[in-house]
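Given chain D, put chains X and P in place with the hints provided.
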Amino acid sequence: MRRFRALRIPLVVVGAVFLCAQMSAELTVRACRRTNEGGGRGLRRPRTVLSLFIGRLEELVGDVLLLKADNCFHGQTSLLGRTRVGECHQAHSHHEHACGPGGGGSHDHDHEHCCDGHGEPAHDHHADGAGHEGGGALSYEHFLYRQYLKVAPTAHVHLGRHEEIVPWLYASVRLNAGNERAAVVAAYWLDGQLDRPREAERVLRAALAVRPSSWRLRAELGWLHYNEGRFGQALRQCESAIRLFEPSTDEAQADGASAALDLAGLWRLASACHEQLGDLGGAAACAEKVAEILPESAAARERLHELRARLGGEAGAEAGGPGSSSGRP
Amino acid sequence: MLADRSLRAERAIARVMLIELFRRKDLYVLGLLVLVFLGAAASIDFFGVGGAEVYLRELSTTLTLLFTVIIAVGVVARQIPRELERKTLMPILAKPLSRWQFVFGKFLGAVASFTAALAVLWACSALVSALKGVRLTGLLVQGFVLQWLGLVMLTAFALMVSTAVSETAVSVTLSLLAYFLLKGFTSNIHILGSGASGVGASALALAYTVVPHFEFYDPTQMMAFAPLQHWLRPLDWLFFAGYAFGYAAIFLAGAWLAFRRRRI
Amino acid sequence: MRALDGVSLELRAGEIFGLIGPNGAGKTTLIKAVLGLIEPDEGQVRVCGEPGGSVAARSRLGYMPEVAYYYELLRAGEFLRLCGRLCGMRGRRLEERINGLLGQVGLAAHRRMLIKHYSKGMRQKLGLAQAMLHGPELLLLDEPTSGLDPLARRDVRRLMLALRAEGRTVLFSSHELSEVEMVCDRVAVINGGRVVVSGTMEEILRPYRSYRARVRTAEAERLQAACGPACAEAVREAGLAEAMDSYVLVARTIEELPRLLERCLAAGATLEDVDHGYESLERLYAEIVEGE
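Residue numbers (numbering that gives the first Met the number 0), protein chains in the order written: chain D, 0 to 328; chain X, 0 to 263; chain P, 0 to 291.
One chain only, chain D, in its complex shape (with noise of 0.2 Å):
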């Protein structure tokens, strides 16, 4: 124990300096939570052996490690250079969900992060001195942060390689089964990119066991399914995510479109699935559901359409035999 006696004013100053960021990370997390925790309906929290000892804050680190996975992607290190990024990042729908059935075309893609992820580098306008005000000022002020920036480079700079932001999500998920965006996340990114479906099955059931009636978990897990080709089981997420359903309260997404966008994409997928069960009629019933929602979407009549043409062809199929004509009006 003597030899420990030299750290013991280093574990108090890093005890308080952890403390001092369990509060920042509270404040932190507040500021920028997106989810809805439900009130806590439903919820259960697991009781790790971690968890007694530190209780809310081992949640805290990993709602904040997913923080970190976001900044890590747009390169950045710190959590407060996440606020020089958000600016460029707000300019887009930062929408993690794969690009399902039925296109992109129900809701904006964010094309930086989805799908192709091709990203070309954003202009390092930060690099021109703050605020915009472009590069010609020579004081000193402005000398010393042109310096700053060539050892921490603010460039909005997508990571080629996305196995570089999993060690994030994994402390992440790790830590907080039960934060929902972290989960969904994670799930994109292993399933639609880095093509560990079981991985993303993993982390999605573990997040339902925190929360059973998520209807986000649900839905993306429905995706997953629909992706592996297990419709049956992806219907059945879907139906439940679709009775779960209720609009976000984050106010990005506070308007109803976002709302209706989300309930649509739901319905879109019950549809697939029935279409991929060999069930027209409940396919067609879903699609209805979907132009309701969505009156002005010409994806969702065309797709209506489509699924009570192909309803009727083969009712008539039945009905007349060879050479008997019949169909919709």
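Some hints here could point you the wrong way.
[Said to hold, decoys possible] From chain X, some residues computed to sit far from chain D (all C-beta separations above 10 Å):
#1 T87
#2 W99
#3 L107
#4 A111
#5 A122
#6 A125
#7 L126
#8 V140
#9 S165
#10 V171
#11 V198
#12 M221
#13 G245
#14 W255
#15 F258
#16 R262
[Said to hold, decoys possible] Quick list of the computed label-pair ranges, beta carbon to beta carbon:
#17 P:R153 with X:E166: 40 to 50 Å
#18 P:G134 with X:L180: 44 to 54 Å
#19 P:G5 with X:R261: 17 to 27 Å
#20 P:H116 with D:L18: 34 to 44 Å
#21 X:L180 with P:C47: 48 to 58 Å
#22 P:G105 with X:W99: 32 to 42 Å
[Said to hold, decoys possible] Here are the computed lysine to aspartate or glutamate pairs in the EDC-like style, where the Cα-Cα straight-line distance is at most 16 Å:
#23 P:K115 with X:D44
#24 X:K86 with P:E65
#25 D:K149 with X:D235
#26 X:K86 with P:E71
#27 P:K119 with P:D148
#28 X:K131 with X:D44
#29 X:K131 with D:E162
#30 X:K24 with P:E71
#31 D:K149 with X:E82
#32 P:K115 with X:E214
The set of hints was computed from the structure by calculation and includes no laboratory data. Where is the CB? At the ideal position from N, CA and C, for every residue including glycine.
The following block gives chains X and P in isolation, referenced to the frame of chain D:
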């Protein structure tokens, strides 16, 4: 006798500090902690996905920076207060050396201490990274030198605080708090200032110009995201070195002024 | 509050100067002022012609602190090496000097041990060694024998005498008055920040010098009647020591002794012995400290 000593007295004081550091075994404990942390981080199976390097580079840089900061401040900030408390200063200051030599000798000893710590911790990080297959090239050297320069500045700062404050614990705490606050928020002063106007803008600009910029010497971002052959230009190195040594000189002068008239 | 008030002392080369006084009298403050660790508000200090506290002055003196705190994680040799290098010594000369001193103070067998494991006496010896390392002209020793056993104290006294023989000057403070009496050439008694008395032992104890005559008589009353009141002005003490019909008479000056003896002999007493000496320094010290 006085003329030809040429830093001999300072080196003698520094040597004693280094001996104490090695015999106190702080360094070994921290090296072991870094090995344990990094080893654990490198051995975790992240969903069966391999190939991630950025997190390991970032984690090793952060841990190295954190522990060397603790060592640098912990070693230097308690030198003078503890010697005053334990009266070990008296036989030393009774020798024919000036107070400046004593202060500078303590500074050199602290520099030697954190250099040794930095080398050990970087070696541990390089070992873990090499075992994991993470590529390390010029970035490693640059990160090492940048951190070293930052620690020179921090050590001088902590020494100055310790000569003004008599209590060891207060000295250590103040130095660490000042370091983390300045490092974390100084860069935002510039951003705030660009949005301000009038007297506020001038005050923020002045503050940004005057406060020591410890964030210049945090290579985490560079280590994590820069291309592996990313080199700073010679003029940039000149600036960073000059900045660090310049502020170190100012802090050392402050330490000497505070210590000069101190009654032992 | 004045730690030192009007203190003026001058040490001569090649003498041992003792500084005695009660706790808080200002002994250590005086030594610190000589070292330059504190600056006097008035007056000046000069050490071998150099301004007190200057680097040149400190190169000519050696200091042993009262409380022996040294770098705990060093060994004796390493600590002495540090002290030697701070004094400008190096190389073989320094190593030989270290080896010699460790042997001289009796620490050669413990040189591999860390200082934190040293006893108080061993630390005192180390303190003495580091003070003597660079052969200073003036040594300031603050309670050098504190915590030492009698044999070690004897060694320290011998060491001081040897230093004096080499022509070096030693200023040491101590609570052991017997030691001060044994080795010091001059002494200063300091109390309340002021020097109450200073000078050679003979000078300061002259008022307390006494001549003793031992006489034997069976007629105690007759002796008392003859010597007591009649010799009142010559005899310092009115009381007489009695042992087996022997009585000790004390006279203050040598001129008074014959008168006293004449009266004793006239009273029928026989003379057994005559001697002279000083009252102890302790008597003087007690008078000064209690009387102040």
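Here is how each hint holds up against the structure:
The Cβ of T87 of chain X sits about 17 Å from the closest Cβ of chain D, beyond the 10 Å cut-off, so the non-interface label holds. Its beta-carbon lying about 28 Å from the closest one in chain D, W99 of chain X satisfies the requirement of being farther than 10 Å from that chain. Every Cβ of chain D is farther than 10 Å from the Cβ of L107 of chain X; the closest lies at roughly 21 Å, confirming the non-interface assignment. Every beta carbon of chain D lies more than 10 Å from that of A111 of chain X, the smallest distance being close to 17 Å; the non-interface claim holds.
With a least CB separation of 21 Å from chain D, A122 of chain X remains clear of the 10 Å interface cut-off, as annotated. Annotated as non-interface, A125 of chain X keeps its C-beta farther than 10 Å from every C-beta of chain D; the closest such distance is 19 Å. Every beta carbon of chain D lies more than 10 Å from that of L126 of chain X, the smallest distance being close to 19 Å; the non-interface claim holds. Against the 10 Å criterion, V140 of chain X stays outside the reach of chain D, whose nearest CB is about 14 Å from its own CB.
Chain D leaves S165 of chain X outside its interface by the beta-carbon criterion, the shortest separation being 15 Å against a cut-off of 10 Å. The claim that V171 of chain X lies off the interface is violated: its Cβ sits roughly 5 Å from the closest Cβ of chain D, which falls inside the 10 Å cut-off. For V198 of chain X, the requirement that its beta carbon stay farther than 10 Å from each beta carbon of chain D is met, with the minimum near 16 Å. In this structure M221 of chain X is not separated from chain D by more than 10 Å, as the shortest Cβ-Cβ distance comes to only about 5 Å.
Residue-level check passed: G245 of chain X sits 13 Å from the nearest beta carbon of chain D, beyond 10 Å. At the 10 Å boundary, the C-beta of W255 of chain X stays outside the reach of chain D, the nearest C-beta of that chain being 25 Å off. Every CB of chain D lies more than 10 Å from the CB of F258 of chain X, the least distance being 22 Å, so the non-interface label holds. For R262 of chain X, the non-interface assignment is confirmed: its Cβ lies about 26 Å from the closest Cβ of chain D, beyond the 10 Å cut-off.
Distance hint check for R153 of chain P and E166 of chain X: the Cβ-Cβ separation is about 43 Å, which falls inside the suggested range of 40 to 50 Å. The hinted window of 44 to 54 Å between G134 of chain P and L180 of chain X holds, with their beta carbons roughly 52 Å apart. In this structure, G5 of chain P and R261 of chain X meet the distance hint of 17 to 27 Å, their C-beta atoms being roughly 26 Å apart. In this structure the hint that H116 of chain P and L18 of chain D lie 34 to 44 Å apart at CB holds, the actual value being about 39 Å.
The supplied range of 48 to 58 Å is met by L180 of chain X and C47 of chain P, whose beta-carbon atoms lie about 51 Å from each other. Between G105 of chain P and W99 of chain X the Cβ separation comes to about 37 Å, which falls inside the hinted range of 32 to 42 Å. Between K115 of chain P and D44 of chain X the alpha-carbon distance is near 48 Å, which puts this suggested pair outside the 16 Å criterion. A distance of roughly 10 Å separates the Cα atoms of K86 of chain X and E65 of chain P; the hinted pair therefore holds under the 16 Å criterion.
Between K149 of chain D and D235 of chain X the CA atoms are separated by roughly 9 Å; this keeps the pair inside 16 Å, and the hint holds. Distance restraint check for K86 of chain X and E71 of chain P: the Cα-Cα separation of roughly 12 Å lies within the 16 Å cut-off, and the hinted pair is therefore satisfied. A threshold of 16 Å between alpha carbons decides the hint, and for K119 of chain P with D148 of chain P the separation of about 10 Å falls inside it, so the pair holds. The hinted pair formed by K131 of chain X and D44 of chain X meets the criterion: a straight-line CA distance of about 12 Å does not exceed 16 Å.
Proposed proximity of K131 of chain X and E162 of chain D is supported: the alpha carbons are some 15 Å apart, at most 16 Å. Only pairs whose Cα atoms come within 16 Å are accepted, and K24 of chain X paired with E71 of chain P is accepted, the gap being roughly 14 Å. For the proposed pair K149 of chain D and E82 of chain X, the alpha carbon gap of about 41 Å is over 16 Å, so the pair is violated. Of the supplied pair hints, the one linking K115 of chain P and E214 of chain X is violated, its CA atoms being roughly 40 Å apart against a limit of 16 Å.
Checked against the numbered hints given earlier, the structure breaks hints 10, 12, 23, 31 and 32 and satisfies all the rest.
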